[in-house]
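Enquirer: Protein chains in written order, with this note's numbering: chain S, 969 to 1255; chain C, 40 to 294; chain B, 4 to 384.
Keep in mind that the hints are not guaranteed to be accurate.
[What the hints assert, rightly or not] Residues from chain S that face chain C, not an exhaustive set, calculated with beta carbons under 8 Å: (1) A1156; (2) H1164; (3) W1245.
Just so you know, the hints here were simulated from the structure itself, not pulled from any lab data. Predicted, not measured: the structure shown is a model, and the values here were computed from it. Don't be surprised by glycine CBs; every beta carbon is placed ideally from N, CA and C.
Listed below are the residues making up each chain.
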Amino acid sequence: MTTIAPDREDAVLVRRPGPQELHPVRTHRRRRALELSLAVAVPLALILWWQLAATQGWIDPRVYPAPSTIFSDGWDRATAGDLWPDVWATTRRVLGGYAIGTAAGYALGLLMGSLSLVRAALEPLLDALYVVPKLALLPIFLNMFGLGEGPQLALVAATVFFFVWISTMSAVVAIPSGHRDAGQVFGASPWQMFRHVLLPASLPAVLVGARIAAGVAVLVIVASEQIAATNGLGHLIFDSRALFQNDVMFVGIVCVAVLGVVFSELVRVAGRLLTPWAPRDRGRGQS
Amino acid sequence: MGDPHPKLHATQLTRAFGRAPHQVHALGPLELTVAPGEFVCLVGPSGCGKSTLLRIAAGLLRPSTGTLEIRTSSPRPAAMIFQDYGIYDWKSVRANVRFGLDIQRVPRREANARADEWLTRMSLADFADAYPATLSGGMRQRVAIARALAVEPELLLMDEPFAALDAQLRTILQDELLDLTQALRTTTLFITHSLEEALVLGDRVLVMSARPGRIIAEHRPPFPRPRTGDIRDTPEFAALKSELWELLRKEAVPA
Amino acid sequence: MRRRTYGVVVVVAAVLASAGCSSKYADDSGSSATAAVGNRAVKPVDGCGASSWTDPADRSPTRNPARCKPLTPAPHPLPKTRKVTIATGTLSAEYVAPLEVALDKGEFKKEGLDVTLKVLPTPDALPLLAKGDIDAMWAAPEAAVMNGVEGGFDIKWVAGNFSPDAESKSGLWVKLKKGEAAADVRMAGRRMGTMIGKGSVIAYPMEKALATHGGGLDKIQYQQLGSADVLTALQNGGVDSAWLLDPVWRKVDGNPAYAFLGGQPLGEPLGGMLYGRSLLHDDVDAGVALLRAYIRTVNTYFAGDYKSDPAFVTYLAKLLKTDETVLKSTPSLTMDWEIRAGTTTRLQAAYKAAGVSKGAALPESRTVDRSLYEEAVGHQP
Chain S
969 MTTIAPDRED AVLVRRPGPQ ELHPVRTHRR RRALELSLAV AVPLALILWW
1019 QLAATQGWID PRVYPAPSTI FSDGWDRATA GDLWPDVWAT TRRVLGGYAI
1069 GTAAGYALGL LMGSLSLVRA ALEPLLDALY VVPKLALLPI FLNMFGLGEG
1119 PQLALVAATV FFFVWISTMS AVVAIPSGHR DAGQVFGASP WQMFRHVLLP
1169 ASLPAVLVGA RIAAGVAVLV IVASEQIAAT NGLGHLIFDS RALFQNDVMF
1219 VGIVCVAVLG VVFSELVRVA GRLLTPWAPR DRGRGQS
Chain C
40 MGDPHPKLHA TQLTRAFGRA PHQVHALGPL ELTVAPGEFV CLVGPSGCGK
90 STLLRIAAGL LRPSTGTLEI RTSSPRPAAM IFQDYGIYDW KSVRANVRFG
140 LDIQRVPRRE ANARADEWLT RMSLADFADA YPATLSGGMR QRVAIARALA
190 VEPELLLMDE PFAALDAQLR TILQDELLDL TQALRTTTLF ITHSLEEALV
240 LGDRVLVMSA RPGRIIAEHR PPFPRPRTGD IRDTPEFAAL KSELWELLRK
290 EAVPA
Chain B
4 MRRRTYGVVV VVAAVLASAG CSSKYADDSG SSATAAVGNR AVKPVDGCGA
54 SSWTDPADRS PTRNPARCKP LTPAPHPLPK TRKVTIATGT LSAEYVAPLE
104 VALDKGEFKK EGLDVTLKVL PTPDALPLLA KGDIDAMWAA PEAAVMNGVE
154 GGFDIKWVAG NFSPDAESKS GLWVKLKKGE AAADVRMAGR RMGTMIGKGS
204 VIAYPMEKAL ATHGGGLDKI QYQQLGSADV LTALQNGGVD SAWLLDPVWR
254 KVDGNPAYAF LGGQPLGEPL GGMLYGRSLL HDDVDAGVAL LRAYIRTVNT
304 YFAGDYKSDP AFVTYLAKLL KTDETVLKST PSLTMDWEIR AGTTTRLQAA
354 YKAAGVSKGA ALPESRTVDR SLYEEAVGHQ P
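In isolation and in its complexed conformation, chain S is listed as follows (with noise of 0.2 Å):
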């Protein structure tokens, strides 16, 4: 009798193929169905819910419309030819103020990333303004340029400016010395650096603080409109908050979303047709 445990024989550990390198055209073409349905499941099975809380009661379809009632409303509005002009004063305002501050960051940051005296001369400065709330110069707008478009665009354009002039510039100045020296060594006059080293170096990184910027263009441009406009989809929200008329708000508000996300991508894809040579990730985390 003995208290050892009997040798047990080894099992025996086997690799080998899974279904992704015995089927891999299959694994593969599943995996993607299922991501692609995943991306609009979800998505519909929130509204879904939503529409279940706001007609069983959970949630007081008063005060948080059901998606059909927000729905409806929107159409009804789009085909009365009600709801465009509000879109179209919003985008407007969104586009040119955008333009302006891309412009002008882009080559304020060129110029400070590549001449350190320039950079000297402004940074205190433009950090000092980096943080103050551009809503908060709002009134001063209002001052310099009265009532209409100006004060909307001159704040669109402030805040879109810092933040493509602050990632332009960090950019610029993270250049590997090794491509200045090479552009160097051949002679490359200032311009000729700048066409052909410091522009296109830079531009990855100039791009996701302009999508950045995108997104944050919509944001400003919802508030500054409750404040100092009489048309657009800001307007319409606040407005129709102030008038207790909340399915048409809720419209508002899934019309800026949906103008949030489709300006985003746009400047998404005018940022890979711009660089061409930048790797592509699957994810749409950067660029």
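Keeping the supplied structure of chain S fixed, place chains C and B upon it in accordance with the hints.
Expert: Below, chains C and B without anything else, positioned relative to chain S:
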């Protein structure tokens, strides 16, 4: 040799970085003379100032004392090949090779023709429109070499160009470079850590001391031109290599 | 894979099925208008006789407002003290004075009510009233309120606040063009500046004043400005007409370059107390008690020309935290707790003209409830 018209002549060259009391003497005092068409290899321990010497020759740095003269009629006679960050990710391979010519404002058609010639020579013709990000390290260095040679420089400066490559690729590229430079006979300053590389490629091998770098030895590998990579297997090669290693080892060990 | 498909089908079916079911937030307006109050016994009240109630259909501008003797209707405290929150847009405007005086003199306490006056703009207060988080609003049946009632919330206008003095010239002012007389002014196409939103009750007198001069809310260009900017814009030509409130109109009164075209109608209050479900259904006794205290305050302190008493003016100035001279520069308001017939109908017509509400107008039974102030003064319907 005493060539009355050396291509490159450095006299009492020194370079220090920083300000007292933290000043670092990186280089010198150094004397160097390079004849036209000579391939000079500089070997030395890390931090001995080899790159500094090259950057002074390229015009990226000024010496602290002394002078470095280059006999040339052009204001930018040099072309440089770096270890990395040399070529531009945002330009296609062809545009990269064409870069030096674009800077010199060579008309586009001619520049493209010259670039394509070099692409073919470096077996890069199939990749002319690709971006460097899609190329391997070895291919990228070939592009760098093509770019440097496309401008037909009077002085070729190479700063450890193959250091980032694996041993097999390194040997292959050494052989390719050997072929190329023997055909072109461009005056070249080549920096490397690898004694083997220096002996294969160079007409002269200069051994540098630890910081501050001075030249402590000079050898002429006794292998007649034109050479091939086969010289690596000869007993003279091994002997010369161990002799130089003895010298270098003392400098490489921290005091 | 099969199980997943079944799961999805079940969920979708459940959602579609429930779409037909009703929710617990059933429309709670309108149905109970008669239910709660119809069952209440109304007893006559000492001190409030025939003059304590006027026929709502009487819209004569010279009508005397309903009044009782001072200190009546007498307090009738609730068995247990109840907390009541009233939201108002501001504490320094004269039309809030009756509530503040009532609070200061302890009139609410006498009824067993612990009242808090909260300053909240209407867009913020209205959802709270609709949900029952606050009990009442001292505001007006503006377009937002009408939209709330339309949306299914139970909110009613239960008492009036004031109508202007005959001498008051708060209202529509125009800058006369060269040689123009007030009667000739044509409003169509003019630019009007105002700090009031499009959904305000002022839309109704505005529409009336504009209509008599060839304009209309849909025919003029409407410019919303800050209160400080309205007068400036009128004076420097930024707008050619403006709705000026007390006491801003004093600055252009008597200036021949400006003409007054009409203001809030006399004898017709346009605002006052709004109740939500808590005081309309859950605790009607408290609702009546609150109005009783308010009415008593009006009868005691604001019955006539209250600004003729200098001591009272001083007291008011301190309570409202305004300047005595500002108070003295305008005539006394005519405090009036009653609601005229058809006011909300006329208001809704103006909102429609201004474009801030669509659809059929709500009947008075869904927007007004006079039974609470009638019970407070002991008037039997």
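Enquirer: Each hint needs a verdict: does it hold in this structure or not?
Expert: Quick rundown of the hints versus the structure:
A hinted interface residue such as A1156/S counts as satisfied when its beta carbon comes closer than 8 Å to some beta carbon of chain C; here the least separation is about 5 Å, so the hint holds. For the restraint placing H1164/S at the interface with chain C, the shortest Cβ-Cβ distance is roughly 7 Å, inside the 8 Å limit, so the hint holds. Given hint, W1245/S at the interface with chain C, holds; its Cβ is 4 Å from that chain's nearest Cβ, closer than 8 Å.
This entry satisfies every hint, going by the numbered hints stated previously.
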